[in-house]
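Order-wise, the sequence lines are chains W and E.
Heads up: the first sequence at position 11 corresponds to 26 in this note's numbering, and the numbers run straight through without jumps.
Heads up: the second sequence at position 15 corresponds to 29 in this note's numbering, and the numbers run straight through without jumps.
The set of hints was computed from the structure by calculation and includes no laboratory data.
Treat the hints with care, as some may be off.
What the hints assert, rightly or not - Beta-carbon label-pair distances, calculated as ranges: (1) W/V365 to E/K257: 39 to 49 Å; (2) E/Y85 to W/L252: 30 to 40 Å; (3) W/L144 to E/L326: 44 to 54 Å; (4) E/R342 to W/T221: 27 to 37 Å.
What the hints assert, rightly or not - Below, in silico cross-link-like pairs of lysine to any residue (SDA-like), each with a Cα-Cα straight-line distance of 25 Å or less: (5) W/K273 to E/L271; (6) W/K273 to W/S307; (7) W/K110 to W/R121; (8) W/K120 to E/F178; (9) W/K273 to E/R230.
Even glycine gets a Cβ: it sits at the ideal position worked out from N, Cα and C.
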Amino acid sequence: MDKENLEAPAPVEESRVSESYSQKRLIWKRFLRHRAGVAGGSIVLFLCFCFLFAEFLAPHDISRRYFQHVYLPPQGIHFFSEDGFQLRPFVYGIKSVVSPEDGLKRYYEDSEVQFPIYLFVRGDRYKFLWLFETEIHLFGTGKDNPLFLCGTDRFGRDLFSRLLSGGRVSFTVGLLAIFLSLVLGTTLGLVSGYYGGFVDHLIQRTIELIFAFPSIPILMSLSALLPPQWPSYLTFLGIVTVLSLIGWGGLAREIRGKTLAINNSDFVLAARVCGAKDRRIIFIHLLPSMFSHIIVISTLAVPGFILHESTLSFLGLGIKPPLTSWGLLLADAMNLHALSLYPWLLIPGVCILVTVLSLNFLGDGLRDAAAPYSTY
Amino acid sequence: MHSYIIRRILHMVPTLILISMASFVVIQLPPGDMLTSKLAKLEEQGEMGSESALEQVAVLRERYGLNDPIYVQYFRWIGNIIMHLDFGESFTFEMDVIELLSERMGLTLLMTISTLIFTWIVAIPIGVYSATRPYSIGDYGFTFIGFIGLATPNFLLALVFLFFQVSVFETQSVGGLLSPEFVGAPWTLAKVKDLMTHIWVPIIVIGASGTASIIRVMRGNLLDILGQQHIQTGRAKGLREIKVIVKYGVRIAINPLVSRLGLELPNLLSGAVVTGIVLGLPTAGPLFLTALTSQDMYLAGAFLLLSSSFLLVGNLFADIALAWLDPRIRYG
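Isolated chain W (complex conformation):
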């Protein structure tokens, strides 16, 4: 009897435990219900993985020129040959004919020659994760054999490899720019909202001044100021700086609004009454309680940076070769001749579209999960 009474409350206790989740778990569970968000997040993760191992996944070096295969259309991967089905995929060799009428080179599949695609083949040398040199690529047809999944550009460089490398640059620009703008925006937004008065006024007027200019023209003017003799990586960092110098304003405004809202709440008042210093209130009370908000607004801001970078690079004011980015790759398509004859040069545009869409979906999912009933 006694034993039963003692044990009776136990299941109740257990069910209560299973019903109460930490805030993090609640957000995670809500996020998992947002199907578009999960799909977007998965694509973003997959892309990050691809960009990290870009050289390993790419069959060719991005600057290697195949002069005999200039403007080659994307090659098809085949499983069926004249001998029937074979498990190992292959590409056909390439025959080219220069047409006498317009002097253009036309390519045909040479069904006599087959290049089977192997895993872990030797190709161009590269540095794996910036750590050690190797020449093993995930897949390929062997050195100097053609495998151009997305075709080639006007120098006969492999577009697929360049897409991976360019995607890494575009994505990194977005991430670094959001990081820099977050540092700027969070600091200034917090200061602005917390201290108010003259500092607040000054910061808000500065943001208004930035917003008074149309974004693309002011970005163009600032990137045109980057010295043309700078090496590629410095220009890359310069573009990141320019993007964040213009982009922090929106973030700072949001952080300021959030700071004002939380600053009036009871727990901050309690802390203040207890004699907490400003530093403690900011770092222990304000910042942690807007952390989810910061993650959401920064996820939603990354696509904007990526779009701006691609626009700048497309106009020739952004990333410079030998680095490449999706915008820079699309610049090759900006003439009617190339556009009508070599439409595969538009593939980088599809990549931009997919990336930005996925990031938007991920951001929407996170936003709905972090604050289901509030609208931003």
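Mind docking chain E on chain W? Use the hints.
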């Protein structure tokens, strides 16, 4: 209301001054003054070293007062603009900036404003449709198209348009705002008509992402409002559904759109610049890009100053319209 408008206009003055200062900083930032590039140009022509070239540069340096301290230069620059509408000289084109820019700037602004009207005309009915039939197939379709529109950069859409015009319609006379016979001709009724037949391509390209975002905002706003009690009251009184939606719903849901104009206009203007470059339109965009790449800074600065002033005026109109539309706004 009048005092509100006057105060609002006065409020613009400090911003305008700051904008002009920022534009001037952009002009001044490249290393060397603009005569450095002039000198280089003369050098290329093989005139460098000759008395006349040096003399010419010295005269120009004196004329533009490049030896004066920077604030004197600023006041001279802004003074010339205010008093004589003189934005300086473009060194690449060897013309007055104002002459070079006026028609192109006008076309750019015309394109921006027509795009604005276009986005509203297209987006509001779609937004209303989506909000009154939420989670229907049509709603999902428009939402999907909207997401694509938001994710497509302007230049990509312009490229796609070019691609279709070249490969599907097989016309080579793509881009451009005017038929060849009207380029450079004085403005007549026929020219305006010709402009109208060409302008819709850039308008769609520029307006795509704006339309998408307005649809989203309109749908969200109207959905919120249609759930409120005054809508229920209207229906309970036996009003026709169309009247409930238009007079009780859309009328209120429009207000946030007007206040969003301040965000909308800069995007449209940015889009007009990029689209102008890709489609090769005779607008200010291509000129601005040339100015930047050849460090023709007076031209670039003039464009920055003019476009941001335009945005300021746009914001002014948006604020006035909002105060007039929304009785809840206190402006007394």
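Do the hints match the structure? See the list:
Remark: the range hint 39 to 49 Å for W/V365 to E/K257 is upheld by a beta-carbon distance near 45 Å. At roughly 32 Å, the beta carbons of E/Y85 and W/L252 sit within the given window of 30 to 40 Å. Taken as a hint, the range 44 to 54 Å holds for the pair W/L144 and E/L326, whose Cβ atoms sit roughly 50 Å apart. Checked against the hint of 27 to 37 Å, the pair E/R342 and W/T221 passes, with Cβ atoms roughly 30 Å apart.
In summary, the hint linking W/K273 to E/L271 is supported, as the alpha carbons are separated by about 23 Å, within the 25 Å threshold. For the hint pairing W/K273 with W/S307, the CA-to-CA distance comes to about 11 Å; that is within 25 Å, so the pair holds. A C-alpha spacing of about 8 Å is found between W/K110 and W/R121, which places the hinted pair at or below 25 Å, so the restraint holds. A distance of roughly 23 Å separates the Cα atoms of W/K120 and E/F178; the hinted pair therefore holds under the 25 Å criterion.
Straight-line distance between C-alpha atoms of W/K273 and E/R230 comes to about 24 Å, which keeps the hinted pair within the 25 Å bound.
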